[in-house]
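**Student:** Sequence:
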Amino acid sequence: MAQPRLVSLAFFVAVLISGAHSTTFNFKNNCPYPVWPASLANAGKAAFSPTGFQLDSGASLSVDAPSAWGGRLWARHRCSTDSSGRFSCLSGDCGTGQVACNGAGGAPPTTLVEFTLQGDGGKDFYDVSCVDGFNVPVSVVPSGGSNCDSTSCRTNINARCPTELQMTAPDGSVVGVI
Numbered sequence: 003m004a005q006p007r008l009v010s011l012a013f014f015v016a017v018l019i020s021g022a023h024s025t026t027f028n029f030k031n032n033c034p035y036p037v038w039p040a041s042l043a044n045a046g047k048a049a050f051s052p053t054g055f056q057l058d059s060g061a062s063l064s065v066d067a068p069s070a071w072g073g074r075l076w077a078r079h080r081c082s083t084d085s086s087g088r089f090s091c092l093s094g095d096c097g098t099g100q101v102a103c104n105g106a107g108g109a110p111p112t113t114l115v116e117f118t119l120q121g122d123g124g125k126d127f128y129d130v131s132c133v134d135g136f137n138v139p140v141s142v143v144p145s146g147g148s149n150c151d152s153t154s155c156r157t158n159i160n161a162r163c164p165t166e167l168q169m170t171a172p173d174g175s176v177v178g179v180i
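This note's numbering applies: residue 3 is where the sequence shown begins, and numbers increase by one.
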């Protein structure tokens, strides 16, 4: 029987528990503001459900992933719903007009966490990527299982990057960097 593994993702902090046949992600928002985690499955993989949800500061939520899931997770922030009911985010918006992303990816800048569960040799693979820019700090911290290292982009670099790389909100605050 496979050893359970626990991974803590901290874009908000999330935790991954992997057993022989199932994986549960436990998301925790360690940011001082609400975030709206989102997911996009790789081609040919079942969708992660829900594909988007709100987490207030300090809140957590557990989500079961489909078997052998692969895809990306990211945190959206500075989100709101307008008077017509359309939902949007200043950072990481997926453009659906809803909290759920329903197969749409996030618009840069977004700090990504990418997973392949039960990949080559039945192993799980994960990384933190700034290929689509940076919007919030992220960490993945394994616990249980064996030989799993943590990975992160823990420092909020939004205000430290050159202005030409900053994406700003209408109020002038930096929401991410490209």
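Check before you lean on any hint, since a few could be wrong.
[Stated by the list, open to error] Simulated pairs of lysine-lysine, DSS-like, Cα-Cα distance not exceeding 27 Å: (1) LYS30 <-> LYS47; (2) LYS125 <-> LYS30; (3) LYS125 <-> LYS47.
[Unchecked claim] Computed spacing ranges between beta-carbons, pair by pair: (4) SER59 <-> ASN104: 36 to 44 Å; (5) THR165 <-> SER69: 44 to 52 Å; (6) ASP122 <-> TYR35: 31 to 39 Å; (7) SER69 <-> ASN104: 19 to 27 Å; (8) ASN158 <-> GLY124: 31 to 39 Å; (9) ALA161 <-> ASP84: 37 to 45 Å; (10) PRO172 <-> PRO52: 38 to 46 Å; (11) GLY46 <-> GLY97: 17 to 25 Å; (12) SER64 <-> THR157: 22 to 30 Å.
These are calculated hints, taken from the structure and not from any lab test.
Because the structure is a prediction, the values reported are computed rather than measured.
Ideal Cβ placement from N, Cα and C applies to all residues, glycine included.
**Student:** None of the hints should be skipped; say for each whether it holds.
**Tutor:** Hints versus structure:
1. LYS30 <-> LYS47: Holds, at roughly 24 Å.
2. LYS125 <-> LYS30: Holds, because 24 Å separates the two Cα atoms, which is no more than 27 Å.
3. LYS125 <-> LYS47: 16 Å, holds
4. SER59 <-> ASN104: 36 to 44 Å: 26 Å, violated
5. THR165 <-> SER69: 44 to 52 Å: 45 Å, holds
6. ASP122 <-> TYR35: 31 to 39 Å: 38 Å, holds
7. SER69 <-> ASN104: 19 to 27 Å: 21 Å, holds
8. ASN158 <-> GLY124: 31 to 39 Å: Since the Cβ atoms of ASN158 and GLY124 sit about 36 Å apart, the hinted range of 31 to 39 Å holds.
9. ALA161 <-> ASP84: 37 to 45 Å: 28 Å, violated
10. PRO172 <-> PRO52: 38 to 46 Å: Given about 28 Å between the Cβ atoms, the range is violated.
11. GLY46 <-> GLY97: 17 to 25 Å: 22 Å, holds
12. SER64 <-> THR157: 22 to 30 Å: About 27 Å separates the Cβ atoms of SER64 and THR157, which means 22 to 30 Å holds.
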